[in-house]
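The opening position of the sequence shown corresponds to residue 3 in the numbering used here, with each subsequent residue numbered one higher.
Possibly wrong hints are sitting among the right ones.
Listed below are the simulated DSS-like cross-link pairs for lysine-lysine, each with C-alpha atoms no more than 30 Å apart in a straight line [as the list claims (entries may be wrong)]: (1) 194 / 217; (2) 143 / 217; (3) 194 / 168; (4) 46 / 194; (5) 168 / 46; (6) 212 / 143; (7) 255 / 278; (8) 68 / 46; (9) 168 / 212; (10) 46 / 217; (11) 212 / 194; (12) 143 / 68; (13) 168 / 217; (14) 259 / 278; (15) 168 / 143.
Don't read these hints as lab results, they were simulated from the structure.
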Amino acid sequence: MRDPGRLLVCATPIGNLGDVTLRVLDALRDSDLIAAEDTRVTSKLLARYEIATPIERFDENVATRKAPLLVDRMLAGETIALVSDAGTPGVSDPGARLVEAAVEAGVPVEALPGASALLAALVSSGLPMRHFYFAGFLPRKAGERDALLDRLADLDATLVFYESPKRTAATLSVLARRFPGRRAAMARELTKLHEEVARDEIGELAAALKDRPLKGEVVLLIGPPHAAEHSSADESEIAALVADLVAGGFSRKDAIKQVAADSGLPRNDVYRIAHKGPEAGAPAPADADSGPDT
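Given the sequences, and given the hints that come with them, work out the whole structure.
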């Protein structure tokens, strides 16, 4: 009897095919089967890297029926690579069902990390990243959507949503009413030629994109409540807070880090404010850093 096979959860590029990892390419070549959300999309990646592994569709319409069949194949010794149209399988796509079925059956599951629209948007947004909450796609029914937003309203974290380009303007309008004054960002076409990350107060962002036709999948990000409260804070107050901490024995680097954590402002913004504030011309402590953390 053959040893049980494995399920390899393979992250694929979110736009630029050059972002695939060498490990994922090896897995796609060596697996017995590739389970793909859309075989047409995945076939482009396979053709680019001359991979001839058999491929089967595993989308929302067939996930419930096919999951046990694929698990049986893995229990018989086959290795299956799971891929989504873009990014990491299981994140807002039907791949999660196959992972759950494999785990329940005792099939080894290995994650091969790589591209993620969620993380790419978050790190380029300029919003606080210490805590974030990924909500996926908002429910289409207004009641369910509003109930979810009510639960998220006071969460001390950056909120991240996926959205289709056709619904982005309407969704931003809803978010602007529910989270007035908060800093926000819209990221689309990530890693592609026309990549765009727009950043503004949520109401201003909604107004700017209201009549703009968009292409490509969209990621919407809303800053936490405390970031909204401090987004219009007087810069001299921020500079004074840094100066007070430095006077109290903090290094400038640690003072900037502390004020950023307390205010919800990006560390680079606090650095910029502190270095043009009233204390900017004073000699820096010997252990002060020469620039913002990366």
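Status of each hint after checking the structure:
no.: 1; hint: 194 / 217; result: holds (11 Å)
no.: 2; hint: 143 / 217; result: holds (24 Å)
no.: 3; hint: 194 / 168; result: holds (19 Å)
no.: 4; hint: 46 / 194; result: holds (16 Å)
no.: 5; hint: 168 / 46; result: holds (25 Å)
no.: 6; hint: 212 / 143; result: holds (21 Å)
no.: 7; hint: 255 / 278; result: holds (15 Å)
no.: 8; hint: 68 / 46; result: holds (23 Å)
no.: 9; hint: 168 / 212; result: holds (11 Å)
no.: 10; hint: 46 / 217; result: holds (20 Å)
no.: 11; hint: 212 / 194; result: holds (23 Å)
no.: 12; hint: 143 / 68; result: holds (29 Å)
no.: 13; hint: 168 / 217; result: holds (8 Å)
no.: 14; hint: 259 / 278; result: holds (17 Å)
no.: 15; hint: 168 / 143; result: holds (16 Å)
Comparing the model with each earlier hint shows no violations; every hint is respected.
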